[in-house]
Amino acid sequence: MTQEVENLIKTDYAAGFYTDIESDTLPPGLDENVIRFISARKEEPEWMLEWRLKAYRAWLEMEEPTWAHVHYPEIDFQSVSFYSAPKSMADRPKSLDEVDPELLATYEKLGIPLHEQEALAGVAMDVVFDSVSVVTTFREKLEEAGVIFCPISEAIRRFPDLVKQYLGTVVPQKDNYYAALNSAVFSDGSFVYIPKGVRCPMELSTYFRINELNTGQFERTLIVADEGSHVSYLEGCTAPMRDENQLHAAVVELVALDGAQIKYSTVQNWYPGDAEGKGGIYNFVTKRGVAHTNAKISWTQVETGSAVTWKYPSCILKGDNSVGEFYSVALTNNFQQADTGTKMIHLGKNTRSTIVAKGISAGQSNSSYRGLVRINPGAEGARNFTQCDSLLIGDRCGAHTFPYIESKNPSAVVEHEATTSKVSDDQMFLCQQRGLDAEKAVSMIVNGFCREVFKELPMEFAVEAGKLLEVSLEGSVG
Amino acid sequence: MLSIKGLHAKVEEKDILQGLDIEINPGEVHAIMGPNGSGKSTLGNVLSGRPGYEATGGSVLFKGQDLLELDTEERAREGIFLAFQYPVEIPGVSNMEFLKVAVDAKRKHAGLPELSAVEFMKLARETSKRVDLDASFLKRGVNEGFSGGEKKRNEIMQMMLLEPDLCILDETDSGLDIDALQVVADGVNSMRDGKRSFIVVTHYQRLLDYIVPDYVHVLAGGRIVKSGTKELALELEAKGYGWLENGEG
Chain G
1 MTQEVENLIK TDYAAGFYTD IESDTLPPGL DENVIRFISA RKEEPEWMLE
51 WRLKAYRAWL EMEEPTWAHV HYPEIDFQSV SFYSAPKSMA DRPKSLDEVD
101 PELLATYEKL GIPLHEQEAL AGVAMDVVFD SVSVVTTFRE KLEEAGVIFC
151 PISEAIRRFP DLVKQYLGTV VPQKDNYYAA LNSAVFSDGS FVYIPKGVRC
201 PMELSTYFRI NELNTGQFER TLIVADEGSH VSYLEGCTAP MRDENQLHAA
251 VVELVALDGA QIKYSTVQNW YPGDAEGKGG IYNFVTKRGV AHTNAKISWT
301 QVETGSAVTW KYPSCILKGD NSVGEFYSVA LTNNFQQADT GTKMIHLGKN
351 TRSTIVAKGI SAGQSNSSYR GLVRINPGAE GARNFTQCDS LLIGDRCGAH
401 TFPYIESKNP SAVVEHEATT SKVSDDQMFL CQQRGLDAEK AVSMIVNGFC
451 REVFKELPME FAVEAGKLLE VSLEGSVG
Chain R
1 MLSIKGLHAK VEEKDILQGL DIEINPGEVH AIMGPNGSGK STLGNVLSGR
51 PGYEATGGSV LFKGQDLLEL DTEERAREGI FLAFQYPVEI PGVSNMEFLK
101 VAVDAKRKHA GLPELSAVEF MKLARETSKR VDLDASFLKR GVNEGFSGGE
151 KKRNEIMQMM LLEPDLCILD ETDSGLDIDA LQVVADGVNS MRDGKRSFIV
201 VTHYQRLLDY IVPDYVHVLA GGRIVKSGTK ELALELEAKG YGWLENGEG
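Top line first, the protein sequences correspond to chains G and R. Everything in the first sequence is counted per UniProt numbering, starting at 1 for the first residue and increasing by one. Everything in the second sequence is counted per UniProt numbering, starting at 1 for the first residue and increasing by one.
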């Protein structure tokens with residue numbers, strides 16, 4: 001664990017002695033008592049506690065995976081604090097004047113309105129009228145449609161049967177090291193249920209859950225789309241979120257029942273560390289969906305943040321004619337490392353999957369695509385198309401592709417295309433000869449490279465994602 | 001407009017231009033001809049500031065200022081336009097988007113407000129018609145999958161939109177059939193307004209039947225070895241370059 005994190009933990013702990021929130025923040029370390037504490041704080045039923053403990057015991061037996069193409073110092077889990085309550089109003093910055101100017105400069109470049117900047121920077125606010133009214137109308141509209149969208153801790157209390165029925169069915173507690181850890185200690189996250197035949201009346205965005213900002217560290221999300229329903233879910237935000245936790249291990253489970261469609265879009269922009277590679281978030285995520293008969297699951301992600309990213313949103317195409325899609329842009333700059341991709345597991349007949357992955361490396365960063373396409377013996381007529389493109393900026397970065405294809409059915413068709421290119425001097429010269437400066441030229445070329453993925457994003461997200469790339473690439477030219 | 005005195009330039013450690021002089025007044029069209037390897041394309045690249053093309057001596061004044069002091073993009077914004085011999089593709093970046101950013105950069109430099117999306121779209125559509133390109137090309141990636149002729153017409157369209165003071169056409173005629181050549185030449189001629197100047201770099205006299213120059217210069221061994229009017233081009237067509245190179249020898 002780096003010195004910085006230790007310091008952060010220390011400060012948190014020290015502060016705890018002098019304020020009321022002391023009892024809300026656990027000292028570093030992980031044992032069964034910690035899990036009991038978390039479960040009790042959340043007023044969880046007994047079965048939930050048992051579920052967590054089962055995960056914890058499994059985790060103890062597991063080993064941290066080392067196969068990913070990323071390098072980081074060993075994580076000492078006993079030095080991490082596994083529960084800290086949201087900062088109290090008194091602890092937060094009073095106004096934007098007290099917020100890191102560099103962060104504000106970035107918000108400015110991304111064109112984020114002032115009151116949103118305040119929310120993102122964690123400024124203490126009694127009420128923001130705009131947001132509150134938005135949230136209220138939003139909730140009413142969803143209730144009318146019968147859609148459940150609430151914190152998962154609330155769902156565990158209010159809809160125990162639904163949660164029990166689906167939690168851990170897509171990503172079991174023992175699935176992998178980080179998923180087990182998450183299952184044991186998850187802090188909060190979202191729960192979504194779309195009833196049969198309902199088309200969710202709006203895009204669901206974590207952004208609207210302004211009342212629980214501080215849930216990022218061990219987030220747990222469960223989305224269930226009942227038969228014939230549709231939902232589009234947006235996770236994250238293009239603005240860099242202020243976060244003091246270095247270790248992130250989220251789990252997302254999607255269940256698309258017969259004929260349902262789930263579109264899950266992510267923009268991940270956690271702190272990537274500074275230009276020298278110091279600091280930054282370690283992001284170990286498990287995301288997976290199960291698609292039943294005629295169902296469709298589509299993952300779209302734009303990853304520009306975090307020092308280390310380990311993430312493979314996957315689809316289990318269980319039902320016949322089910323469809324899985326994965327559209328990804330992963331950008332790394334400076335010393336960032338990303339090992340990301342997808343798994344498409346074809347079980348049902350005539351299942352189809354599409355993978356479009358775009359990796360951009362700048363500075364001294366490393367970006368890897370790791371993907372698995374598996375066609376099981378019963379997946380008659382399955383089809384996959386994979387396109388995997390890497391773009392290099394400069395000559396000190398790296399791009400790597402690790403595609404795995406396992407086809408056990410002779411009727412399956414699997415296509416894989418891969419390219420690696422550089423932002424060429426000729427392209428740069430064309431842009432500059434037409435009056436563009438070097439940074440604008442690079443960001444335009446990179447945006448063009450990502451077009452196929454951006455067009456899958458909801459409209460306003462796509463515009464923001466373009467701007468985000470521009471900001472993330474700053475300093476990569478010259 | 002442009003005053004080049006004793007220009008020396010090298011590319012990859014090799015001296016290409018060796019004391020080039022040329023004087024271009026507003027509204028003039030100068031053709032630069034010469035054998036392969038004489039430095040014709042180098043001249044356009046040095047003037048527009050292409051990385052790797054280094055001026056090592058002499059001076060270039062453009063509209064009264066020292067051109068060699070300016071960055072590539074500043075030269076462009078000041079009004080130098082290079083129409084490429086081999087226009088490069090930028091996949092995924094729409095022509096429309098690219099052109100708008102370029103036009104805005106230039107307008108901003110001149111202290112003018114950016115054009116609105118609607119204004120620009122109208123302007124771009126009108127301009128594409130002038131070079132006989134279907135408006136659908138505006139939506140496609142920059143030069144992406146364009147034929148040779150379409151790329152060249154796209155170059156001329158960019159030139160029209162950017163309204164440069166000095167246009168440098170680098171062997172724009174290469175690879176064009178006669179119809180495309182006519183379109184390109186009409187485009188260029190429509191931009192001759194008595195103020196804008198042109199440097200037309202070409203291998204063949206043919207282009208000069210369409211774009212009639214005020215002056216013709218022969219470049220050999222990195223300098224101008226002969227200058228004349230458009231009749232010189234015809235003479236070159238008949239006699240080749242040998243007699244000039246030998247004479248200089």
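These are computed hints drawn from the structure, not numbers from a lab. There could be a bad hint or two in this list.
Just so you have them, the derived chain G footprint on chain R, three or more residues with Cβ under 8 Å [stated by the list, open to error]:
| id | segment |
| --- | --- |
| 1 | 46-55 |
| 2 | 98-110 |
For lysine-lysine, the following DSS-like pairs were computed, each having C-alpha atoms within a straight-line distance of at most 27 Å [claimed, not checked]:
| id | chain 1 | residue 1 | chain 2 | residue 2 |
| --- | --- | --- | --- | --- |
| 3 | G | K440 | R | K139 |
| 4 | G | K440 | R | K108 |
| 5 | G | K349 | G | K440 |
| 6 | G | K455 | R | K195 |
| 7 | R | K139 | G | K455 |
| 8 | G | K467 | R | K129 |
Yeah, the Cβ is synthetic: ideal placement off N, Cα and C, and Gly gets one too.
A quick look at each hint next to the structure:
With 5 residues bearing a CB less than 8 Å from a CB of chain G, the segment 46-55 of chain R meets the requirement of three and the coverage assertion stands. Check on the segment 98-110 of chain R: 6 of its residues sit with their Cβ under 8 Å from a Cβ of chain G, so the three-residue criterion for coverage holds. For a cut-off of 27 Å, the pair hint linking K440 of chain G to K139 of chain R stands: about 20 Å separates their Cα positions. Among the hinted pairs, K440 of chain G with K108 of chain R is consistent with the structure: their alpha-carbon atoms are about 14 Å apart, no more than 27 Å.
For the hint pairing K349 of chain G with K440 of chain G, the CA-to-CA distance comes to about 47 Å; that exceeds 27 Å, so the pair is violated. With a C-alpha separation of about 44 Å, the suggested pair K455 of chain G and K195 of chain R falls outside the 27 Å cut-off, and the hint is violated. With a CA separation close to 14 Å, the supplied pair K139 of chain R and K455 of chain G stays within the 27 Å bound. For a cut-off of 27 Å, the pair hint linking K467 of chain G to K129 of chain R is broken: about 32 Å separates their Cα positions.
Comparing the model with each numbered hint stated earlier shows that hints 5, 6 and 8 do not hold.
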